[in-house]
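Enquirer: Sequence:
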Amino acid sequence: MYLVAVDVAKCEGCEECANNCPVSVFDMVDGKASAARAGDCEGCQTCTSVCSSGAVTLTEM
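Sequential numbering from 12 applies to the sequence shown in our numbering.
Everything labelled a hint here was simulated from the structure, so no lab data went into it. Wrong hints could be hidden among the right ones.
Cβ pair distances, simulated, as ranges [said to hold, decoys possible]:
1. Cys55 with Cys25: 17 to 23 angstroms
2. Asp41 with Glu71: 25 to 31 angstroms
3. Asp18 with Met72: 15 to 21 angstroms
For every residue, glycine included, the Cβ atom is placed at its ideal position computed from N, Cα and C.
Please take these sequences and the hints and turn them into a complete structure.
Expert: See the structure below:
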């Protein structure tokens, strides 16, 4: 199981995490990414690699 989180203070709203997540974990809310379906995360780390601002973190539980 993985825990994915978004630091909205760092999020630049580029939508790269939302556009590249293979299981659609992210939604955009008020111009910022939200890990709306964090429980669906498979730990592929695509989101962390495409996030240029370092706003997305992934932790193995």
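Enquirer: All hints, please: hold or fail.
Expert: Okay, the hints, checked on the actual structure:
no.: 1; hint: Cys55 with Cys25: 17 to 23 angstroms; in the structure: 19 angstroms, holds
no.: 2; hint: Asp41 with Glu71: 25 to 31 angstroms; in the structure: 29 angstroms, holds
no.: 3; hint: Asp18 with Met72: 15 to 21 angstroms; in the structure: 18 angstroms, holds
Violated hints: none; the structure is consistent with every hint.
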